[in-house]
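Protein sequences appear in the order of chains W and F. The working numbering puts the first residue of the first sequence at 1, with every later residue one more than the last. The working numbering puts the first residue of the second sequence at 326, with every later residue one more than the last.
If you are wondering where the hints come from, they were derived from the structure by calculation, not from laboratory data. For glycine and all other residues, C-beta sits at the position ideal for the given N, C-alpha and C. Among these hints, one or two may not hold up.
Derived contacts from chain W toward chain F, CB cut-off under 7 Å, selection only [said to hold, decoys possible]: (1) P19; (2) G37; (3) L40; (4) M250; (5) M308.
Within a straight-line C-alpha distance of at most 16 Å, the following computed EDC-like cross-link-like pairs (lysine to aspartate or glutamate) qualify [to be verified]: (6) K208(W) to D114(W); (7) K529(F) to D27(W); (8) K529(F) to E23(W); (9) K529(F) to D514(F); (10) K224(W) to E209(W); (11) K208(W) to E220(W).
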Amino acid sequence: MAANAFEGAAPPGAITQPPSSNEYLTDRGFRLLTVCGAWLIILLVAYILWKIGGQALPAVYRYNLGFLISTNWNVADQNFGILPEIWGTLYSSILALLIGGFFGLTVAIFLTQDFLPLRLALVFRTIIEMLAAIPSVVFGLWGIFVVIPAIRPIANWLYDQLGWIPFFGSSLSGPGLLPAALVLAIMILPTVAAISQDALNLVPYRTKEAAYGMGTTRWEAILKVMVPTAAGGIASAMVLAFGRALGETMALAMLIGNSNQISLSLFAPAQTLASLLASHFPEAGQSEVQALMYAALVLLGITLVVNMMGTAILTITQRRISGRS
Amino acid sequence: MSEQTAITPFGSAAAAPDLRKSWTEGRALRSVILTIGAWIVALIASVPLFSVLYMLIVQGGSRLSLDLLTELPPAGFELGGGFGNAIVGTLVMVAIAAVTSIPVGILAATYLAELSPESKLASAARFLAKVLTGFPSILAGVFVYAILVLATGTYSAWAGGISLAVLMLPTVILTAEEAMKTVPRRMKDAALGMGCTRTQMIWKIVLPTALPGILTGVMLGVARVAGESAPLLFTALFSNYWLHSLSEPTASLSILIYNFSSMPFDNQIELAWAASLVLVLIVLVFNILSRVLGRSRI
Numbered sequence: 001m002a003a004n005a006f007e008g009a010a011p012p013g014a015i016t017q018p019p020s021s022n023e024y025l026t027d028r029g030f031r032l033l034t035v036c037g038a039w040l041i042i043l044l045v046a047y048i049l050w051k052i053g054g055q056a057l058p059a060v061y062r063y064n065l066g067f068l069i070s071t072n073w074n075v076a077d078q079n080f081g082i083l084p085e086i087w088g089t090l091y092s093s094i095l096a097l098l099i100g101g102f103f104g105l106t107v108a109i110f111l112t113q114d115f116l117p118l119r120l121a122l123v124f125r126t127i128i129e130m131l132a133a134i135p136s137v138v139f140g141l142w143g144i145f146v147v148i149p150a151i152r153p154i155a156n157w158l159y160d161q162l163g164w165i166p167f168f169g170s171s172l173s174g175p176g177l178l179p180a181a182l183v184l185a186i187m188i189l190p191t192v193a194a195i196s197q198d199a200l201n202l203v204p205y206r207t208k209e210a211a212y213g214m215g216t217t218r219w220e221a222i223l224k225v226m227v228p229t230a231a232g233g234i235a236s237a238m239v240l241a242f243g244r245a246l247g248e249t250m251a252l253a254m255l256i257g258n259s260n261q262i263s264l265s266l267f268a269p270a271q272t273l274a275s276l277l278a279s280h281f282p283e284a285g286q287s288e289v290q291a292l293m294y295a296a297l298v299l300l301g302i303t304l305v306v307n308m309m310g311t312a313i314l315t316i317t318q319r320r321i322s323g324r325s
Numbered sequence: 326m327s328e329q330t331a332i333t334p335f336g337s338a339a340a341a342p343d344l345r346k347s348w349t350e351g352r353a354l355r356s357v358i359l360t361i362g363a364w365i366v367a368l369i370a371s372v373p374l375f376s377v378l379y380m381l382i383v384q385g386g387s388r389l390s391l392d393l394l395t396e397l398p399p400a401g402f403e404l405g406g407g408f409g410n411a412i413v414g415t416l417v418m419v420a421i422a423a424v425t426s427i428p429v430g431i432l433a434a435t436y437l438a439e440l441s442p443e444s445k446l447a448s449a450a451r452f453l454a455k456v457l458t459g460f461p462s463i464l465a466g467v468f469v470y471a472i473l474v475l476a477t478g479t480y481s482a483w484a485g486g487i488s489l490a491v492l493m494l495p496t497v498i499l500t501a502e503e504a505m506k507t508v509p510r511r512m513k514d515a516a517l518g519m520g521c522t523r524t525q526m527i528w529k530i531v532l533p534t535a536l537p538g539i540l541t542g543v544m545l546g547v548a549r550v551a552g553e554s555a556p557l558l559f560t561a562l563f564s565n566y567w568l569h570s571l572s573e574p575t576a577s578l579s580i581l582i583y584n585f586s587s588m589p590f591d592n593q594i595e596l597a598w599a600a601s602l603v604l605v606l607i608v609l610v611f612n613i614l615s616r617v618l619g620r621s622r623i
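For reference, chain W alone in the conformation it holds in the complex (with noise of 0.2 Å):
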């Protein structure tokens, strides 16, 4: 039992009162729960590691590096690889990216650089917050529903005049790499917009002033000094939401095809990193099983780095615009 360090801490007769031996207790109990709370986040990432990575361990030993440049997903040789995931994934979020960066840091501009009545902007923040909102799955249901009905004479037709371009270089007949890079921008947008805002938002009001004193036009003074200003976070705006295309899950499965092969197409059917683990998983033996814990192993890798570098460059962008202004 610990000592009450306030014990006989005062004089007899005082008025003022130590905390009882109770209320010191508590106090100690209390700190270290929280203590434990905050250890848990640490043993919990840790613990995911760990386990993913044991449980990928056969798999790792099995194929080795191997896995990474092979093409093959085939269960019944147990032969497996997943370069087409690693393809499919990268190239899906990287259009995902242009698509959406462009269009979430043209929405953060618009809405921070005065171009409507604050009010005005306020609800149109909050139609993009809740595009944040919307379920993964439902994003995909209306993916099949509208998107690809709606893009497919556009592909068909720029597949018939263009074919020779390998980006257009296949007919879209139903789920492909386009309709789930477009609804994958969709669900970004709002990630890219709300940092990027914080960004604009944290340039001193009299940096701008300076600008347009020097004469600038209202874009001169948006994209010669806002913008560079901002840049940090705007970098790390891209690099989160590049993380979270990676890993991205439902919206890609249901849209994407599930098709194990590399393309250049943007109309071809493809796979993903998280759609493989979504659409093998639950009906996987052992040996797949441990395979797939291989990909997860890989796609947790990829994110945590990523998603730590974004991280790390918010952190030190903000220290430092606070730090200064």
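Fit chain F to the known structure of chain W by using the hints.
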């Protein structure tokens, strides 16, 4: 346009330059074009939300009735049916997630915000919590599959709930920390000056004052996980029957939508839309709750 002024700073007799901006001038024109472009981009960016809501209301709304809430999912060619069990399953698993992640999250947030915000442990925990907010949800499913489903040998509501808790925890921690940081320093100093222990100060001053902010975070966390489906795929699986115990496969709205979306039957597709509508409504309710609570923050 420009008048000759009496005193020209220039030696020549040439007219003083016109300093007024004309919008047809190159730089200004570019600015106008970019502004129009920004308007167009912003309007395009808001199309998806309205399109999704329109489809939900038209496709899902047409099928909305009380039967949906009381009946079980139909098999193959059956007509009618509902998804009462999926609503119950979703709510139960979200409740499990909330009950496990909220106490832990608030304890951790107390440490991060109050007890030693500058310590190495706090910075590490804060950094990892931020990293975890971008953790792919399907990996939470893989993790819980490895620790719970393999260990107990069965898919269960417990496993589903715990995997959702992993996803909810970082949101709760980070928002609760922010909320506690907004409690004015002088209130805490006053409590300490009256002889409170740190624990008493936290329980009697910080937590009650920060409560609206903490609840905002909790509601945001709930809204986030209620719509999740990837972590449930192989932790809770799915079930066509009512929930009898927490340690058996459990239905959820999101998995029902996923399963039914790939079926060739119109009835199932309609049910998927109706389930989407119900799911979005549940998520929106928690979202709006978080906004309402957030507004009353100090």
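Quick rundown of the hints versus the structure:
no. : hint               : in the structure
1   : P19                : holds, 5 Å
2   : G37                : holds, 3 Å
3   : L40                : holds, 6 Å
4   : M250               : holds, 5 Å
5   : M308               : holds, 6 Å
6   : K208(W) to D114(W) : holds, 12 Å
7   : K529(F) to D27(W)  : holds, 13 Å
8   : K529(F) to E23(W)  : holds, 14 Å
9   : K529(F) to D514(F) : holds, 13 Å
10  : K224(W) to E209(W) : holds, 13 Å
11  : K208(W) to E220(W) : holds, 10 Å
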